[in-house]
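Asks: Read off the chains here:
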Amino acid sequence: MFEAGGTNTTNFLLERALDAESVRRKVISNNVANVDTPHFKRSEVNFESELKRAIDQNRELAENDYPGAVTDEKHIPFIQMRDVKGVGSRINLDYSTSLRNDGNNVDIEKEMVDAAKNLMRYNAFITSLNQNFKVLKMAMRTNG
Amino acid sequence: MGMFDSFNISATGLSAQTLRRSVIASNIANATTTRTPEGGPYQRKRIIFEPVNIRPNYKSPLVPGRIESGPGEGVRVLKIEEDKAPFRLVYDPNHPDAIQIGPKKGYVEMPNVQIVTEMTDMIEATRAYEANVNMVNNAKAMFNKALEIGRV
Numbered sequence: 001m002f003e004a005g006g007t008n009t010t011n012f013l014l015e016r017a018l019d020a021e022s023v024r025r026k027v028i029s030n031n032v033a034n035v036d037t038p039h040f041k042r043s044e045v046n047f048e049s050e051l052k053r054a055i056d057q058n059r060e061l062a063e064n065d066y067p068g069a070v071t072d073e074k075h076i077p078f079i080q081m082r083d084v085k086g087v088g089s090r091i092n093l094d095y096s097t098s099l100r101n102d103g104n105n106v107d108i109e110k111e112m113v114d115a116a117k118n119l120m121r122y123n124a125f126i127t128s129l130n131q132n133f134k135v136l137k138m139a140m141r142t143n144g
Numbered sequence: 001m002g003m004f005d006s007f008n009i010s011a012t013g014l015s016a017q018t019l020r021r022s023v024i025a026s027n028i029a030n031a032t033t034t035r036t037p038e039g040g041p042y043q044r045k046r047i048i049f050e051p052v053n054i055r056p057n058y059k060s061p062l063v064p065g066r067i068e069s070g071p072g073e074g075v076r077v078l079k080i081e082e083d084k085a086p087f088r089l090v091y092d093p094n095h096p097d098a099i100q101i102g103p104k105k106g107y108v109e110m111p112n113v114q115i116v117t118e119m120t121d122m123i124e125a126t127r128a129y130e131a132n133v134n135m136v137n138n139a140k141a142m143f144n145k146a147l148e149i150g151r152v
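Heads up: the sequence lines are chains B and E, in that order. Each residue of the first sequence is one higher than the last, beginning at 1 in this note's numbering. Each residue of the second sequence is one higher than the last, beginning at 1 in this note's numbering.
By construction, these hints were calculated from the structure, which means they are not laboratory data. Idealized CB from N, CA, C, for every residue including glycine. Among the hints, a few may not be true.
[Claimed, not checked] Quick list of simulated restraints, FRET-style, between CB atoms:
id: 1; chain 1: B; residue 1: D102; chain 2: E; residue 2: A29; range: 36 to 42 Å
id: 2; chain 1: E; residue 1: I101; chain 2: B; residue 2: H39; range: 42 to 48 Å
id: 3; chain 1: E; residue 1: F4; chain 2: B; residue 2: E48; range: 24 to 30 Å
id: 4; chain 1: B; residue 1: T10; chain 2: E; residue 2: I123; range: 33 to 39 Å
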């Protein structure tokens, strides 16, 4: 069902991923800005795991040999179909750890690596998006 | 949530670290100041940071679903307070500010500034500043890349 959407779904998901990376950039910036703030707890963004959960859920639904009988529209199925397009990023506060005596848990090296990863992923998504546009353009141009 | 939020957040970090470096510079400059308008030797200043959060950092069934913890809004300086550590005593009876009576007679109260602590703080502030600059540069690279969307 995921592949059936074609280029449009791919582009849509890439856009959502870009949105998530944008939010992630803000969160990392905030973590870095608060590297010396006492009692500050770092946040992180979950997008990939949310997306994976939605896809897994849909796959489980497709492979489920024994779906509960739904004979009435008010019945609630065991596993519900999740719209992959509706998956959004989620900001989680990491309040369980403490790195220093002042209660701060920002690890500046980790944040820098995360920022680099964030940048690379963003670039990769945009390259991929442009690739899709290029394919579309190529398809539109083929006029014999 | 605006497009340039990450720049603004990094900018708050940059200005906070700049102010921190100014405070450290003031401490080092006044490492031997024995006379201040408030009386007594110079007291070491320390800077207290505080995260800026416009949105609440919790989620509960009582607050609407829209109110979720967003990315923070950076850092700000809560206050610059004085270090309450005891002053350093140096025996120098000829100093004009030497204590004249009591058991500490002949001693001079020197500021509670430790140069080594200030220098390590300075290194920390510089590194934090660099980290924020790095974030700004990264964000710039990202936005430049975003402008390439559709340019195929």
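Asks: I'd like to know which numbered hints this structure contradicts. Please list them from smallest to largest.
Replies: The structure conflicts with hints 1, 4, although it agrees with all the remaining ones.
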